[in-house]
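Asks: With the hints as extra help, turn the sequences into a complete structure.
Okay, here's what each chain looks like letter by letter:
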Amino acid sequence: MCIRDRELKETAPDVKVLAPVLLTKFQELLEGHIQSLLQQNVAGLFLYGLSKNDDAETRAKRLQEVITHLPKEGKPLLFLSGNGTPEEVLQCTALGVDIFETDYPFVHAEKGFALSFEVKMPEETVEGERKQEFGRNAKTISLKEEKYLRDVGPLVEGCECFACKNHTRAYVHHLLRCDEMTGFVLLTIHNVARYSDLFAEVRKHLSAGTLDRFSSWFLST
Amino acid sequence: MSADKNANAPELSEASAEPRKRVKEDEAMLGKIPLRFNILARYKRARASVLTLPHGDVRTPVYMPVGTKATLKGITSEELANIGYRLCLSNTYHLASIPGADLMAEYGGLHKFMNWPYNLLTDSGGFQMVSLSQLCEITEEGVEFENPYDKRKMFMRPEDSIHIQNAIGADIVMALDDVVKTTTVGPRVEEACDRTIRWIDRCLVAHRRKEEQNVFPIVQGAVDLKLRERCLSALIQREANGFAIGGLAGGESKDDFWKVVAFCTERLPEEKPRYLMGVGYPVDLVVCACLGVDMFDCVFPTRTARFGVALTRYGEVKIKNSEQRDDFRPLQEGCQCPTCKKFTRTYLNSIMTKAGVSCHLLTLHNLHYLFNLMLGIHNSIIDGTLEDYVNRFLEDYFSQEKSIPKWVLDALEKAEINVKVYKNEEQKNGSTTA
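Just so you know, the sequences run in chain order A and B. The letter at position 35 of the first sequence is residue 35 when you use the working numbering, and the numbering goes up by one with no holes. The letter at position 91 of the second sequence is residue 91 when you use the working numbering, and the numbering goes up by one with no holes.
Since the hints were made in silico from the structure, they are not lab data. Quick reminder that beta carbons are idealized off the backbone N, C-alpha and C, glycines included. Mixed in with the good hints, there may be bad ones.
[What the hints assert, rightly or not] Between beta-carbon pairs, the in silico distance windows are: (1) A:199 x B:333: 33 to 41 Å; (2) B:336 x A:14: 25 to 33 Å; (3) A:179 x B:152: 40 to 48 Å; (4) B:325 x A:7: 50 to 58 Å; (5) B:56 x A:150: 25 to 33 Å; (6) A:196 x B:351: 17 to 25 Å; (7) B:325 x A:146: 39 to 47 Å; (8) A:25 x B:351: 35 to 43 Å.
[Claimed, not checked] On the chain A side, residues computed to face chain B include the following (Cβ under 8 Å): (9) 167; (10) 175; (11) 178; (12) 180; (13) 181.
Replies: Below, the structure is given as structure tokens:
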């Protein structure tokens with residue numbers, strides 16, 4: 001690692017180096033590893049190793065085990081490679097993750113699902129209780145279902161993305177039924193747009209200091 | 001013939017009008033006849049025209065991409081329109097099953113369903129019934145075939161084909177013809193030729209939307225010029241706004257192919273568009289445009305893209321080849337398509353079998369290439385430089401080959417296009433067979 005870093009500094013000084021850090025229950029390995037990385041001035045830590053079956057509690061625990069060893073000032077960027085569920089995004093943003101690496105919107109498009117969760121929190125919200133932890137099963141609609149055969153509305157009502165502004169549920173349903181690539185193209189466009197919107201809202205609420213309220217609202221709707 | 005100076009502009013302005021000699025043209029303006037064919041310029045047999053249909057103008061000669069099941073594979077309607085296309089195809093055979101004529105009517109027709117505001121052409125389903133169905137029996141009444149989706153036995157009469165196409169709502173619909181394999185010989189060919197004539201009459205009678213959709217008859221006869229003559233003379237007596245040449249591009253020799261095309265274009269009405277079905281490869285498009293064809297369709301350019309073959313000015317580029325692996329050039333230097341502006345051959349090579357988007361990128365390029373090829377033919381006819389254009393095309397496209405195929409040279413000779421680009425002395429002297 002040291003050697004490569006030196007070479008990189010000579011040949012490509014602007015390139016930032018990320019160091020992979022396995023999220024593991026074996027805490028005794030983590031502290032030494034992270035300390036040595038911090039000494040080498042890595043730009044960021046690439047956190048990986050979460051299992052699809054990890055619940056919110058486990059996730060938080062694993063992340064905390066890394067974060068406790070990081071300085072408060074000059075914290076390196078935190079990348080998380082995970083499922084990318086909205087619940088994971090909200091929770092881990094609150095814990096300090098900066099960048100999420102995931103194929104969440106793409107995987108859903110591949111399976112014929114359009115992401116349909118609402119991201120704009122209304123002005124007046126009632127503090128809601130967390131109704132459920134939905135893990136990987138975020139709010140989606142399955143365009144393969146026959147009920148969309150005659151539905152000439154947009155994929156998701158009120159969505160401003162290219163797919164929703166130009167095409168209908170009936171058309172995407174047809175494309176999926178015929179196994180046409182264009183169906184996946186349109187769903188991907190929509191899902192990436194909707195997912196990006198979620199992040200835009202998260203950033204907005206982070207800046208405004210209202211992330212907690214937003215998370216509660218989002219998870220309860 | 002004065003050149004239309006706006007011919008190079010991407011947006012079609014109203015074509016420069018010749019004096020309106022015929023009442024028909026006026027009627028088209030009033031929307032009573034859904035087609036107007038305005039020939040702007042000619043060069044020998046080739047014509048550069050503006051084809052006006054209910055959903056707008058189309059410059060010809062034109063290549064129509066094929067969007068089989070209400071979409072081109074992987075390409076959205078907007079992307080297709082952005083390249084410049086104003087007319088594309090869809091297949092009745094598939095749409096008749098999914099979503100079916102009734103649903104299609106409920107959706108308001110195919111234009112609305114796929115959000116394609118420009119022109120559409122649907123074929124009758126005849127070719128697919130014969131080539132794709134497990135069971136296919138043709139009688140005078142119609143065609144019995146097995147539905148590919150649910151294996152039901154279905155029966156399609158000429159009237160049924162037209163009614164389904166009426167529901168789909170394309171600007172041009174094809175008459176149901178009795179399709180035989182091009183390589184067929186014997187009495188079956190004659191039977192198909194005569195039946196096609198009888199069926200066109202049934203199609204024209206059954207047609208319910210005469211003011212919005214054009215029915216094109218299809219000339220059959222395989223490679224038998226006598227039968228072609230018989231079919232032609234009968235069909236041109238019918239009231240139709242355009243005609244198609246069918247039953248080719250199916251395994252016949254290239255020599256037979258071009259001769260039948262030339263024979264048909266000589267005899268089809270001068271003032272109506274001529275559509276050569278199922279063609280084709282870039283060199284076919286150039287040669288047949290010179291022979292007087294105005295419209296083409298073919299799955300080849302989009303299909304070959306999905307197999308990793310890019311069509312370029314200098315011939316085919318097989319992107320999976322190892323020699324592309326370290327090539328940092330775009331597919332075609334100077335090409336303004338989204339793929340060539342952003343990506344190199346080495347990148348495309350690296351993702352070819354791994355990412356679906358590779359098909360998309362190559363498809364976009366091939367569509368762009370063909371659009372510009374046809375636009376170049378159109379413009380060069382208007383400028384009077386078609387011969388130069390054809391020669392440059394041959395020189396570039398066959399630059400990696402030892403010779404230009406003999407059939408190409410023969411066909412261009414018939415088209416009275418002077419070919420100055422020869423690969424070797426023998427070809428020049430006309431003694432080489434490719």
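Asks: Take the hints in turn and mark each one as holding or not.
Replies: Comparing the hints with the structure gives:
In this structure, residue 199 of chain A and residue 333 of chain B meet the distance hint of 33 to 41 Å, their C-beta atoms being roughly 39 Å apart. Our hint of 25 to 33 Å for residue 336 of chain B and residue 14 of chain A holds, since their Cβ atoms are close to 31 Å apart. Between residue 179 of chain A and residue 152 of chain B the CB atoms are about 20 Å apart, so this pair departs from the stated range of 40 to 48 Å. Hint check: residue 325 of chain B to residue 7 of chain A, Cβ distance near 25 Å, so the stated range 50 to 58 Å is violated.
As the Cβ distance of residue 56 of chain B to residue 150 of chain A is approximately 29 Å, the hint placing it in 25 to 33 Å holds. About 23 Å separates the C-beta atoms of residue 196 of chain A and residue 351 of chain B, a value consistent with the hinted range of 17 to 25 Å. A beta carbon spacing of about 46 Å between residue 325 of chain B and residue 146 of chain A agrees with the range 39 to 47 Å that was offered as a hint. For residue 25 of chain A paired with residue 351 of chain B, a C-beta distance near 37 Å keeps the hint of 35 to 43 Å intact.
Nearest Cβ of chain B to the Cβ of residue 167 of chain A: about 6 Å, under the 8 Å cut. The hint holds. The criterion of a C-beta within 8 Å of any C-beta in chain B is met by residue 175 of chain A, whose closest approach is roughly 6 Å, and the hint holds. This hint holds: residue 178 of chain A has a C-beta 4 Å from the nearest C-beta of chain B, less than the 8 Å allowed. Nearest Cβ of chain B to the Cβ of residue 180 of chain A: about 5 Å, under the 8 Å cut. The hint holds.
The interface hint given for residue 181 of chain A holds, since its Cβ lies 4 Å from the closest Cβ of chain B, which is under the 8 Å cut-off.
The structure shown violates the earlier hints numbered 3 and 4.
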